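Protein chains: 2
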Amino acid sequence: MYPQLLAHIRRYVDLTSDEEKSLCEKMELLKLKKKTFLLEPGKLCKGNYFVLTGLVRQYIITKKLSEQIIAFGLESWWIADQESLFNKQPATCYIQTLEPSEVLFLNESNREILFKEIPKLEKYFRLMMQKSFVAMQRRVGFMLNQNDEERYHFFAKAYPDFMQRVPQYMLASYLGFTPQFLSRLRAKKT
Amino acid sequence: MYPQLLAHIRRYVDLTSDEEKSLCEKMELLKLKKKTFLLEPGKLCKGNYFVLTGLVRQYIITKKLSEQIIAFGLESWWIADQESLFNKQPATCYIQTLEPSEVLFLNESNREILFKEIPKLEKYFRLMMQKSFVAMQRRVGFMLNQNDEERYHFFAKAYPDFMQRVPQYMLASYLGFTPQFLSRLRAKKT
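For the record, the sequence lines run as chains D and H. Just so we're aligned, residue 20 is where the first sequence starts under the numbering used here, counting upward by one. Just so we're aligned, residue 20 is where the second sequence starts under the numbering used here, counting upward by one.
These aren't lab readings, by the way, just hints derived from the structure by calculation. A couple of the hints might just be wrong.
No copy is singled out in the list; a pair is fine if it fits within one copy or between any two copies.
As the list claims (entries may be wrong) - Subject to a maximum C-alpha distance of 27 Å in a straight line, what follows is the list of computed DSSO-like cross-link-like pairs (lysine-lysine):
id	residue 1	residue 2
1	Lys139	Lys207
2	Lys83	Lys135
3	Lys176	Lys82
4	Lys82	Lys142
5	Lys45	Lys82
6	Lys52	Lys139
7	Lys142	Lys83
8	Lys82	Lys107
9	Lys135	Lys53
10	Lys176	Lys65
11	Lys139	Lys82
12	Lys142	Lys53
13	Lys62	Lys207
14	Lys45	Lys83
15	Lys65	Lys139
16	Lys107	Lys176
17	Lys176	Lys142
18	Lys40	Lys53
19	Lys207	Lys142
20	Lys45	Lys135
21	Lys176	Lys135
22	Lys82	Lys62
23	Lys82	Lys150
24	Lys62	Lys139
25	Lys176	Lys52
26	Lys40	Lys54
27	Lys83	Lys53
28	Lys54	Lys65
Small disclaimer: the values here were computed from a predicted structure and weren't measured.
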């Protein structure tokens, strides 16, 4: 059983103990070293990953051959290439651990079985998608409406622990500016 | 009954004729003039809108007091302020018709009733959210990985009809550049 996953689900829907058991049996526990790839471009994304411990990043390689971070996965976050999953097409991004991590993998065909057995899980995953969509839409809003410095300060205030945990150059990539610019911003504060 | 909505749902889940009837009874048909506001900042977004005919835009006013378009709603697209809906907090955006439009409104409390009566609709709305998330994530990818000209050409190729229908300055706003830049791009082509 995976109490952390069950606690997360319980925030949105109630499962019976049989349903909890059935769900946990479908999850695959992955114990991963730092820098392990869960997904690479060209491969099919086969399901969703739930981060138990550690830290995961999702990124693309831009045409300028630099890494561009699309999303991070922290404890109790789901991560996947939703486009690859939805359209059953090859992934366009990497998903990689940044720290030694424990991750639960839910294969898409197992998820379909679970949806039939436990229809309430549709609601849970609908709400997870809605939450992810809101986060992504806010990001678009920030990119269009905030300059680099404002974006940095907003993020630093909203996610202080996260700012400490993620390597500087990755944070810069996520926020969409150069590591040099980030260093200058940090220097200003001290 | 609203055959256009039912045809859209049928692409994802099968409903019985009783379920279809029950669903349609919960929808409210709005016949709207051009430039009607469906939502304004500060008000609570009370549900989801399904566009039958016409065209709708979702936009914010930036700190520089210009309009920034977040999304468009075309025929058979759903549109709402998901953040306002999800967190039950005041909306931060406008939703407004750009053409005379017919729109179906599904109040959130009616949607909750429908989810209890017809659990299959959870799947439908989960897939709609996943689709919207994918579109929004692609948009972030484009913003980070394409210059203005590439973004324009991608969009022109992917959505030719749409490009014709939307006023120039709104298209520029959506793509994140100035109307002047868009005029120069178009002039280049002829």
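Tested hints:
In this assembly of identical chains, Lys139 and Lys207 lie within 27 Å of each other by CA distance neither inside one copy nor across copies; the values are 50 Å within and 54 Å between. Proximity of Lys83 to Lys135 under the C-alpha cut-off of 27 Å is found in neither arrangement, the shortest distances being 45 Å within a copy and 50 Å between copies. Proximity of Lys176 to Lys82 under the C-alpha cut-off of 27 Å is restricted to the inter-copy arrangement: shortest distance 20 Å between copies versus 32 Å within a copy. With identical chains, the CA atoms of Lys82 and Lys142 are never at most 27 Å apart, being 38 Å at best within one copy and 36 Å at best between copies.
Taking CA atoms no more than 27 Å apart as the test, Lys45 paired with Lys82 passes in neither setting, with 38 Å inside one copy and 48 Å between copies. Taking the shortest alpha-carbon separations for Lys52 and Lys139, neither the intra-copy value of 34 Å nor the inter-copy value of 39 Å comes in at or below 27 Å. For the identical chains of this complex, Lys142 and Lys83 are neighbours neither inside a copy (40 Å) nor across copies (39 Å), given an alpha-carbon limit of 27 Å. Within a single copy, Lys82 and Lys107 get their C-alpha atoms as close as 24 Å, which meets the 27 Å cut-off; across copies the closest is 40 Å, which misses it.
Taking identical chains as interchangeable, the C-alpha atoms of Lys135 and Lys53 are never at most 27 Å apart, the minima being 35 Å within one chain and 43 Å between chains. For the identical chains of this complex, Lys176 and Lys65 are neighbours neither inside a copy (35 Å) nor across copies (30 Å), given an alpha-carbon limit of 27 Å. Taking CA atoms no more than 27 Å apart as the test, Lys139 paired with Lys82 passes in neither setting, with 42 Å inside one copy and 41 Å between copies. For the identical chains of this complex, Lys142 and Lys53 are neighbours neither inside a copy (33 Å) nor across copies (35 Å), given an alpha-carbon limit of 27 Å.
Taking CA atoms no more than 27 Å apart as the test, Lys62 paired with Lys207 passes in neither setting, with 43 Å inside one copy and 38 Å between copies. Taking the closest pair of Cα atoms, Lys45 and Lys83 never come within 27 Å of each other, the shortest separation being 40 Å inside a single copy and 50 Å across copies. Taking the shortest Cα distances, Lys65 and Lys139 sit within 27 Å of each other both inside one copy (22 Å) and across copies (23 Å). Taking identical chains as interchangeable, the C-alpha atoms of Lys107 and Lys176 lie at most 27 Å apart only when they sit on different chains, with a minimum of 22 Å there against 38 Å within one chain.
Taking identical chains as interchangeable, the C-alpha atoms of Lys176 and Lys142 are never at most 27 Å apart, the minima being 31 Å within one chain and 36 Å between chains. With identical chains, the CA atoms of Lys40 and Lys53 are never at most 27 Å apart, being 30 Å at best within one copy and 53 Å at best between copies. Taking the shortest Cα distances, Lys207 and Lys142 never come within 27 Å of each other, neither inside one copy (45 Å) nor across copies (49 Å). In this assembly of identical chains, the alpha carbons of Lys45 and Lys135 lie at most 27 Å apart whether taken from the same copy (13 Å) or from different copies (26 Å).
Proximity of Lys176 and Lys135 under a CA criterion of 27 Å is satisfied in neither setting, with 42 Å inside one chain copy and 39 Å between copies. For a Cα distance limit of 27 Å, the shortest separation of Lys82 from Lys62 inside one copy, 19 Å, qualifies, whereas the shortest one across copies, 41 Å, does not. Taking CA atoms no more than 27 Å apart as the test, Lys82 paired with Lys150 passes between copies only; the shortest distance there is 25 Å, against 30 Å inside one copy. Taking identical chains as interchangeable, the C-alpha atoms of Lys62 and Lys139 are never at most 27 Å apart, the minima being 30 Å within one chain and 30 Å between chains.
When the C-alpha separation of Lys176 and Lys52 is checked against a cutoff of 27 Å, the pair qualifies neither within a copy, at 30 Å, nor between copies, at 42 Å. In this homomeric assembly, Lys40 and Lys54 never come within 27 Å of each other (Cα to Cα): the closest approach is 31 Å inside a single copy and 52 Å across copies. For the identical chains of this complex, Lys83 and Lys53 are intra-copy neighbours only, at 26 Å inside a copy versus 43 Å across copies, given an alpha-carbon limit of 27 Å. Taking the closest pair of Cα atoms, Lys54 and Lys65 come within 27 Å of each other only inside a single copy of the chain (19 Å); across copies the shortest separation is 44 Å, beyond that limit.
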